[in-house]
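Going by our numbering, the residue at position 159 of the sequence shown is 501; the numbering climbs one at a time, nothing skipped.
By construction, these hints were calculated from the structure, which means they are not laboratory data. Misleading hints may appear alongside valid ones.
Pair by pair, the computed Cβ-Cβ distance ranges are [said to hold, decoys possible]:
#1 L493 with R515: 12 to 22 Å
#2 A531 with S463: 17 to 27 Å
#3 L520 with S463: 13 to 23 Å
#4 G428 with I482: 19 to 29 Å
With a straight-line cut-off of 16 Å between C-alpha atoms, the simulated EDC-like cross-links for lysine to aspartate or glutamate are [to be verified]:
#5 K450 with D408
#6 K468 with D507
#7 K450 with D526
#8 K468 with D511
If you're wondering where the values come from, they're calculated on a predicted model, not measured in any experiment. Glycine included, C-beta positions come from ideal geometry on N, C-alpha and C.
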Amino acid sequence: MSILLSNDDGIHVPGIQQLVEVLRTLASVQIVAPDRDHGGDIAIRSGTPTDCVYIGVNTLMRPEPDIVVSGINAVPNFGDYVIYSGTVAVVTCLLLRALTSTPLPTGKLLKVNVPDLPLSSLQGYKVTRGCSRHPASEVIRQTDPRGREMLWIGPPACSFDGGSDTDFDAVNRGYVSLTPLQVDLTASAALLVLSAWLGKTEGLGPW
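Sequences are here, hints too, so could you generate the full structure?
The structure is reproduced here in structure tokens:
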């Protein structure tokens with residue numbers, strides 16, 4: 343089995359270095375990550391994280407990889423935060439292109455959140471849906487040592503939909519959460535409402 347490994351943080355962060363050590367005990371691994379350096383058997387290209395994966399799958403790895411892995415990210419990717427997640431964005435560019443050996447259907451990816459616990463303390467695995475979170479609204483103004491203004495987006499918001507079937511709840515209880523994601527963002531329940539609105543009919547329901 344062959345794996346293409348990437349991330350959105352660069353080749354030198356601890357997460358990807360630790361992950362490649364483990365994955366290479368299981369399969370042949372090629373890293374294609376955003377950076378300007380070159381070293382060993384690691385192929386690195388400048389550009390966005392999605393550029394790296396797209397080039398890796400379509401040009402650098404022959405035959406093409408069986409699986410594309412993105413991570414490890416230092417912070418969790420819970421629920422609708424995936425909209426902002428560079429870690430998830432790394433592989434979304436491939437959702438419309440099926441890899442020949444992947445067990446997931448075209449347009450699907452698997453998001454994994456692991457609690458920051460010793461392996462012996464993990465409670466097991468949970469198949470979950472994503473929670474919903476209040477977006478961070480606070481922006482913190484600071485000044486760096488050179489006198490330049492810095493703007494920091496506020497701390498992560500608390501979950502307001504963290505039911506027992508969500509990734510947020512599973513990780514908080516010590517479980518590894520497995521959440522399937524898809525590229526189709528169509529609000530299916532709103533299709534009939536929108537059609538009725540265009541037709542100027544009565545009895546429009548809530549979206």
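Given the hint of 13 to 23 Å, check if L520 and S463 actually sit that far apart at their C-beta atoms. holds, 18 Å
For a C-alpha distance cap of 16 Å, please report whether K468 and D507 respect it. Holds: K468 and D507 sit about 8 Å apart, inside 16 Å.
CA of K450 to CA of D526, is that 16 Å or under? holds, 9 Å
So does A531 sit 17 to 27 Å from S463, Cβ to Cβ? The hinted range 17 to 27 Å is violated for A531 and S463, with Cβ atoms some 40 Å apart.
Would you check the hint for K468 and D511, treating anything up to 16 Å between C-alpha atoms as holding? holds, 10 Å
Could you see if the CB distance from L493 to R515 stays within 12 to 22 Å? Violated, since L493 and R515 (Cβ atoms, about 35 Å apart) do not stay within the stated range.
Are G428 and I482 spaced within 19 to 29 Å by their CB atoms? holds, 21 Å
Pair hint outcome, K450 versus D408 [Cα-Cα no greater than 16 Å]: Judged against 16 Å, a Cα distance of about 15 Å means the pair holds.
Hint check: violations occur at hints 1, 2; the rest are consistent with the structure.
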